[in-house]
Amino acid sequence: KNQVEQSPQSLIILEGKNCTLQCNYTVSPFSNLRWYKQDTGRGPVSLTIMTFSENTKSNGRYTATLDADTKQSSLHITASQLSDSASYICVVSARSSASKIIFGSGTRLSIRP
Amino acid sequence: DSGVTQTPKHLITATGQRVTLRCSPRSGDLSVYWYQQSLDQGLQFLIQYYNGEERAKGNILERFSAQQFPDLHSELNLSSLELGDSALYFCASSGSGVGSNQPQHFGDGTRLSIL
Numbered sequence: 001k002n003q004v005e006q007s008p009q010s011l012i013i014l015e016g017k018n019c020t021l022q023c024n025y026t027v028s029p030f031s032n033l034r035w036y037k038q039d040t041g042r043g044p045v046s047l048t049i050m051t052f053s054e055n056t057k058s059n060g061r062y063t064a065t066l067d068a069d070t071k072q073s074s075l076h077i078t079a080s081q082l083s084d085s086a087s088y089i090c091v092v093s094a095r096s097s098a099s100k101i102i103f104g105s106g107t108r109l110s111i112r113p
Numbered sequence: 001d002s003g004v005t006q007t008p009k010h011l012i013t014a015t016g017q018r019v020t021l022r023c024s025p026r027s028g029d030l031s032v033y034w035y036q037q038s039l040d041q042g043l044q045f046l047i048q049y050y051n052g053e054e055r056a057k058g059n060i061l062e063r064f065s066a067q068q069f070p071d072l073h074s075e076l077n078l079s080s081l082e083l084g085d086s087a088l089y090f091c092a093s094s095g096s097g098v099g100s101n102q103p104q105h106f107g108d109g110t111r112l113s114i115l
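Line by line, the protein sequences are chains S and P.
In terms of this note's numbering, the first sequence has 53 at position 53, counting the first letter as 1, and numbering is strictly consecutive.
In terms of this note's numbering, the second sequence has 71 at position 71, counting the first letter as 1, and numbering is strictly consecutive.
Note that these hints are calculated values from the structure, not bench results.
Each residue gets a CB set at the ideal place from its N, CA and C atoms; glycine is no exception.
Hints are not guaranteed to be accurate.
[What the hints assert, rightly or not] On the chain P side, residues computed to face chain S include the following (Cβ under 8 Å): (1) Ser-2; (2) Gly-3; (3) Val-19; (4) Asn-101; (5) Pro-103; (6) Gln-104; (7) Phe-106; (8) Asp-108; (9) Gly-109.
[Claimed, not checked] Residues from chain S shown here face chain P by an in silico Cβ test under 8 Å; the list is partial: (10) Asn-32; (11) Arg-42; (12) Gly-43; (13) Ser-46; (14) Thr-51; (15) Leu-82; (16) Ala-86; (17) Ile-89; (18) Ile-101; (19) Phe-103; (20) Ser-105; (21) Gly-106.
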């Protein structure tokens, strides 16, 4: 069964600290993995997109990694800011079949001053 | 601002009714995706259109249908509404290239409440 599991479910850290969010998937055949940031009541915003051959991609203070062998991805946030408080969603797509777009349930991140 | 416009922002209706949600994609984007986000099931892919043609189907119910018009705007039609259809419905658009590796840009959604 195609699944995407994220951990932790929620996380609270102090402003300025780093954190890492995890995503494990079983979607096959793999096409790409995306990380989105979703503020409450808003649409998701794309952070990174990685294909099979990419193992690291950065977008400012966000760095995503992908291990296609173990089917694991992580999103590392450096020097967190209050505006980083949001849900972070991992999404995996299957190759040649857009109907297989599987969403993780997200990690709710709260940054405390 | 993602450049994707969804209307209306909020919609309240009763069970058994039919509603139409509208999406205007970013200028130049040919692909439109529809998603449903509910509290108990999270985000789910419903359907994709590319340049007016249906490209892929996800977990879309038979009571739901969509279309993409020549001007590339899209509509999602929901009929025989049930309480469980209450959710946020998002539209996203992506660039002109074919394939799933394009970044998707999401609108801010239509919040549908069924009473």
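Status of each hint after checking the structure:
1. For the restraint placing Ser-2 (chain P) at the interface with chain S, the shortest Cβ-Cβ distance is roughly 6 Å, inside the 8 Å limit, so the hint holds.
2. Restraint check, Gly-3 (chain P) versus chain S: the minimum CB separation of about 11 Å is more than 8 Å; hint violated.
3. Because the closest C-beta pair between Val-19 (chain P) and chain S is about 19 Å apart, greater than 8 Å, the hint is violated.
4. Taking 8 Å as the C-beta contact cut-off toward chain S, the hint placing Asn-101 (chain P) at the interface holds, the least distance being around 5 Å.
5. The closest approach between the C-beta of Pro-103 (chain P) and any C-beta of chain S is roughly 5 Å, which is under the 8 Å cut-off, so the hint is satisfied.
6. Look at Gln-104 (chain P): its Cβ gets to within about 6 Å of chain S, closer than 8 Å, so that hint holds up.
7. A distance limit of 8 Å between C-beta atoms decides the matter here; for Phe-106 (chain P) the minimum to chain S is near 3 Å, and the interface restraint holds.
8. At a threshold of 8 Å, the smallest CB-CB gap from Asp-108 (chain P) to chain S is about 5 Å, leaving the interface hint in force.
9. Annotation: interface hint on Gly-109 (chain P) holds; nearest CB of chain S at approximately 6 Å, less than 8 Å.
10. For Asn-32 (chain S), the interface hint holds, the least distance from its beta-carbon to any beta-carbon of chain P being 5 Å, beneath 8 Å.
11. With 8 Å as the threshold, the beta carbon of Arg-42 (chain S) comes within range of chain P, its nearest partner Cβ sitting at about 5 Å, so the hint holds.
12. Interface hint status for Gly-43 (chain S): upheld, as the beta-carbon distance to the closest one in chain P is roughly 3 Å, under 8 Å.
13. Contact between Ser-46 (chain S) and chain P, as hinted, is supported at the beta carbon level, the nearest pair being about 5 Å apart and thus within 8 Å.
14. Against a cut-off of 8 Å between C-beta atoms, the interface hint on Thr-51 (chain S) holds, since the closest Cβ of chain P lies about 6 Å away.
15. This hint is violated: Leu-82 (chain S) has a C-beta 21 Å from the nearest C-beta of chain P, more than the 8 Å allowed.
16. Taken as an interface hint, Ala-86 (chain S) does not check out: its beta carbon lies about 13 Å from the nearest beta carbon of chain P, beyond 8 Å.
17. A distance limit of 8 Å between C-beta atoms decides the matter here; for Ile-89 (chain S) the minimum to chain P is near 7 Å, and the interface restraint holds.
18. Checking Ile-101 (chain S) against chain P by beta carbon gives a least distance of about 4 Å; that is within 8 Å, so the hint holds.
19. Taking 8 Å as the C-beta contact cut-off toward chain P, the hint placing Phe-103 (chain S) at the interface holds, the least distance being around 4 Å.
20. This hint holds: Ser-105 (chain S) has a C-beta 5 Å from the nearest C-beta of chain P, less than the 8 Å allowed.
21. Here the hint on Gly-106 (chain S) is kept, as its CB sits about 7 Å from the closest CB of chain P, short of 8 Å.
The structure does not agree with the numbered hints 2, 3, 15 and 16 stated previously, though it agrees with the rest.
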